[in-house]
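My numbering puts the sequence shown at residues 752 to 1177.
All clues stand as given, with none of them false.
For lysine to aspartate or glutamate, the following EDC-like pairs were computed, each having C-alpha atoms within a straight-line distance of at most 16 Å:
#1 K929 x E957
#2 K976 x E1004
#3 K908 x D934
#4 K840 x D1051
#5 K880 x E1004
#6 K913 x E932
#7 K929 x D959
#8 K976 x E881
#9 K973 x D988
#10 K976 x D869
#11 K933 x D915
#12 K880 x E1001
#13 K929 x E954
#14 K908 x D1061
#15 K823 x D918
#16 K976 x D988
#17 K929 x E1073
#18 K976 x E1001
#19 K913 x E819
#20 K981 x E1004
Here are the simulated distance ranges between beta carbons:
#21 Y814 x L767: 55 to 65 Å
#22 Y882 x K992: 25 to 35 Å
#23 N816 x G989: 49 to 59 Å
If you are wondering where the hints come from, they were derived from the structure by calculation, not from laboratory data. Quick reminder that beta carbons are idealized off the backbone N, C-alpha and C, glycines included.
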Amino acid sequence: MKMGLLVFMRNLLLALCLFLVLGFLYYSAWKLHLLRWEDTKYDKLGFLLKLDSKLPPELASKYANFSEGVCKPGYASALMTSIFPKFSKPAPMFLDDSFKRWARIRDFVPPFGIKGQDNLIKAILSATKEYRLTPALDSLSCRRCIIVGNGGVLANKSLGLKIDDYDVVVRLNSAPVKGFEKDVGGKTTLRITYPEGAIQKLEQYEKDSFFVLAGFKWQDFKWLKYIVYKEKVSASDGFWKSVATRVPREPHEIRILNPYFIQEAAFSFIGLPFNNGLMGRGNIPTLGSVAITMALHNCDEVAVAGFGYDMNSPNAPLHYYESIKMSAIKEVSAALTSLAKDMPMPTEGDSSPGNPTDLSMDIPLGTHFETPACLRDRPLNPHAQTAEWAWMDGLSDSVPLGGRKRLGPGLSSVRTLLWTSSGTQQ
752 MKMGLLVFMR NLLLALCLFL VLGFLYYSAW KLHLLRWEDT KYDKLGFLLK
802 LDSKLPPELA SKYANFSEGV CKPGYASALM TSIFPKFSKP APMFLDDSFK
852 RWARIRDFVP PFGIKGQDNL IKAILSATKE YRLTPALDSL SCRRCIIVGN
902 GGVLANKSLG LKIDDYDVVV RLNSAPVKGF EKDVGGKTTL RITYPEGAIQ
952 KLEQYEKDSF FVLAGFKWQD FKWLKYIVYK EKVSASDGFW KSVATRVPRE
1002 PHEIRILNPY FIQEAAFSFI GLPFNNGLMG RGNIPTLGSV AITMALHNCD
1052 EVAVAGFGYD MNSPNAPLHY YESIKMSAIK EVSAALTSLA KDMPMPTEGD
1102 SSPGNPTDLS MDIPLGTHFE TPACLRDRPL NPHAQTAEWA WMDGLSDSVP
1152 LGGRKRLGPG LSSVRTLLWT SSGTQQ
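With the hints as constraints, model all of the structure from the sequences given.
Structure below.
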């Protein structure tokens, strides 16, 4: 009798334990499912999925009393944080003499950091001695910035006066101003470039602007040191095309862009392959995307103009300053598609750089093909990425977005931010 009772109690306890285990597993699975359900409002990078042109209620209330055209302090960063909670505003625009202590970049090699470049950067900064904008711009309580791209969508739009109205006008590479003021304005605050993209004709430089290096490889920093100290530039220093040998700027007018913006544009905003933090095919952002990232951290309002390519208009200009048509892109793309599939990746130590260009085409190293006549005299960057067409399309208000799948995880969000924070149309 007693033995039977013990057996019964044992079986009851075993059944109870089994019930508790099953209940715990069920509860855990339910919680995990609930969390996954809740997290679906963000994409894999952390961007809010459902966006529209309306401001979040808290921002609409905060900025409700600002009249149209009045700069709204903190607007871009507040809106960016609302759609991308991981966004952290503090990020200096340029490197300064404390660059060795910047945790975000010190452990990454170029273009995503400064590892291995300490001596070159220190030598450059010891000559420039200036690491900020002008005192007048730094003292502004609210700063409005515009990034001017090189796309043909700017042609015949007469946006020049509107562009010049911004506090900070950022231009890229060698895009000219003289002769195009009606469409692109005449004001330049920053000209961001790298050796191969820099203006080579001295007379084409603006009188008043900062020359800003975006360093994508160690040779870029070496080149800037030559420029700052007015030393002879060697054409065999690992550049993929001819470079400027002089820049008509005094050392105090030269800056080094914080490489964190290249890192954030590539990995956080666009979602390009991390590749252990090393530069490789498929993870180099365009210079335009880098400039926009910089502006989001350092400007209260951000606008863009001249980004995007209207693929539906084959006779439209590729860039606002030249006669090459959009149809040239399809010709080159067709030639590249059949060649790029089985080409080897560049090996470590390859002297060919990985800088972004306006053409943004993925051309494997060592590739030779019959280029369309209109592009035969234009050197193409061997590492620029096809994927970056998407970024440029995503920022163009004259080109349909084409869907999130093409644009990449965070691009629609950033595009919406830029549109609602300025309303500048291309």
